[in-house]
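J.: Use these hints to put chain B onto chain A, whose structure you have.
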Amino acid sequence: MSAAQPIVLRTDALKKSFGELKVARDISIELPRGARHALIGPNGAGKTTFINLITGMLKSDSGRIELDGKDITRAPAAERVRAGLTRTFQINTLFPDLTPVEAVTLAVTERERTAGQFWTGLPSHRAAIDEAVGILEQLRLADVATRKTRTLPYGQQRLLEIALALATKPKVLLLDEPAAGVPKDESAALFSVIAALPSDISVLFIEHDMDIVFSFATRIIVLVSGGVLMEADPATVRSDPRVREVYLGHADLSGVGHG
Amino acid sequence: MAEITQTIVDARGWLKLQTRWSPYEIAFWVATLLPFFFLPTYLSLASQIAITALFAISVDLVLGYAGIVTLGHAMFFGLGAYASGLISAKLGWNEPISGLIFGGLVAGAVGFIVSFMIVRVQHLALLMITLGLGFLTYELANALSSITGGTDGLQGVDISPIFGTFNFDLWGYTAYAYSLIVLFIGFLISRRIVNSSFGLALRGVRENVKRMPAIGSDYRFHLQKIYTISAVMAGVAGALLTQTTETVSLDTLSFNRSADVVVMLILGGTGRLYGAILGAIIFMIARDQLSGLNPQYWYFWIGILLMVVVLTMPKGILGGLSRLIGRRDE
Chain A
1 MSAAQPIVLR
11 TDALKKSFGE
21 LKVARDISIE
31 LPRGARHALI
41 GPNGAGKTTF
51 INLITGMLKS
61 DSGRIELDGK
71 DITRAPAAER
81 VRAGLTRTFQ
91 INTLFPDLTP
101 VEAVTLAVTE
111 RERTAGQFWT
121 GLPSHRAAID
131 EAVGILEQLR
141 LADVATRKTR
151 TLPYGQQRLL
161 EIALALATKP
171 KVLLLDEPAA
181 GVPKDESAAL
191 FSVIAALPSD
201 ISVLFIEHDM
211 DIVFSFATRI
221 IVLVSGGVLM
231 EADPATVRSD
241 PRVREVYLGH
251 ADLSGVGHG
Chain B
260 MAEITQTIVD
270 ARGWLKLQTR
280 WSPYEIAFWV
290 ATLLPFFFLP
300 TYLSLASQIA
310 ITALFAISVD
320 LVLGYAGIVT
330 LGHAMFFGLG
340 AYASGLISAK
350 LGWNEPISGL
360 IFGGLVAGAV
370 GFIVSFMIVR
380 VQHLALLMIT
390 LGLGFLTYEL
400 ANALSSITGG
410 TDGLQGVDIS
420 PIFGTFNFDL
430 WGYTAYAYSL
440 IVLFIGFLIS
450 RRIVNSSFGL
460 ALRGVRENVK
470 RMPAIGSDYR
480 FHLQKIYTIS
490 AVMAGVAGAL
500 LTQTTETVSL
510 DTLSFNRSAD
520 VVVMLILGGT
530 GRLYGAILGA
540 IIFMIARDQL
550 SGLNPQYWYF
560 WIGILLMVVV
570 LTMPKGILGG
580 LSRLIGRRDE
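Chains as they are written, first to last, in the numbering used here: chain A, 1 to 259; chain B, 260 to 589.
Treat the hints as calculated values from the structure; they're not laboratory data. Errors might be hidden in some of the hints.
What the hints assert, rightly or not - Which stretches of chain A does chain B cover? Using the computed rule of at least three CB atoms under 8 Å from a CB of chain B, they are:
1. 90-99
2. 106-113
3. 117-126
Quick reminder that beta carbons are idealized off the backbone N, C-alpha and C, glycines included.
One chain only, chain A, in its complex shape (with noise of 0.2 Å):
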């Protein structure tokens, strides 16, 4: 399906420094409709920056971002958002003392523009709160719809921060290590969820854990030092020698798990 599809997101070109430190150097990439792709490299090889750069949270030096076709370098992060392209973070960045059907509601009134309206009530936006009571269904979290978030489990915090995501009705989703901090045997099931995602949405993910990698995504792109190493399909990647130097040291790919 990957030829066949029209590019949603494109990157040209983009850099960023700090100081004498180049974060991101000529990053280029390409991602189709319905891509599930994933980002790996080392750590401080400027995968979070380059999300950060994607979304507006960081202005680039230079270079360019479209979406759809349209060019959204300089657009601020919300109005991305409300252009289709969404993140999720590594660490949590939930509303702590709000429940899972007002985060997520929260974010569909703002998706509709109806936020601001302070002499309806609540509970009278109904197709959004049932929007919102569907989307925690599909992320299996409808049984804690009314706790509050900071009375979650871990597992079902990071499931929140997707659910907040997709309430954005997001062409592109940006998931910064979605199972970060989650225990091996449950970042296989929240992954799942991840690839359970309608087909038309098309997927970034930073992701450590290579088993998981090989088997979520269809291409994967290499990091290092800010700037693409490589882009091909998992058994291309798998086989590189420059990935396995760069990346694993000398460490046999397959079946290799992250500390």
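T.: Frame of chain A, contents of chain B only:
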């Protein structure tokens, strides 16, 4: 499918429950009528409490719900107080209801202008900006003594009977009834706001401002909106004080007033509206009683009370109470 429907019903029901009137609330508002019958000598104090409670609610909207820490909200209280006082003293406009609205609008207009600056700063810088604006307004009123009366206060305020019927009497029956009704209306409006999708968005900003852009929110508009609404409400409270006392003093703009109202919120509990009211009641009664004992050192006791509450009930007295009753907090 049946299960999905059930969850939606549950979620809707839970959200509705959050906005429902509780028996405690109704009991409280009935109790506000008691001073008319049992404490007629305290009616002027009761009216001061109602005015202060309205002011505290206005601060709760920005501080408790939106998380904007402010040490300069007396600015809007004082603007409302002077605006409604000046149209009476200088222009002879003595009709109270329109004077109240005028006071609110003047404060709201300034609040809207200031809000552009407020939403650009956070934390300590935010505190300093609000503090600075408060000082600035105070000294401006002080310097313009030909208009404001300076430290002598604004004289010559004369308020007509409400609806041409209810005179402001010596005992304060009218003053308390008037203040209480305005407080109640202000409370109803605030309650409506915090229970709306906008209220939810404000709590979102307070809970995690970093996430807001990531769900597509232009949260600065939310903040500007609530800041302006809050300024209007503070201005109405100030105007109410002017009209019930028929004078305006510089004290309405003072830093003390800004700080006191934050103390009240911390005492009562932030982000629950009733905390603001309860804080105002406790603070004003304590001031009345303690300054009767010793007019100079009564802040000593407020200091002790504040420390005890903060150490034992981090969410304020109302937060502590609701935990006892097991409502809202788990």
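J.: Evaluate each hint against the coordinates.
T.: Outcome of the hint check:
no. : hint    : verdict
1   : 90-99   : holds (count 7)
2   : 106-113 : holds (count 5)
3   : 117-126 : holds (count 9)
In terms of the numbered hints stated before, the structure departs from none.
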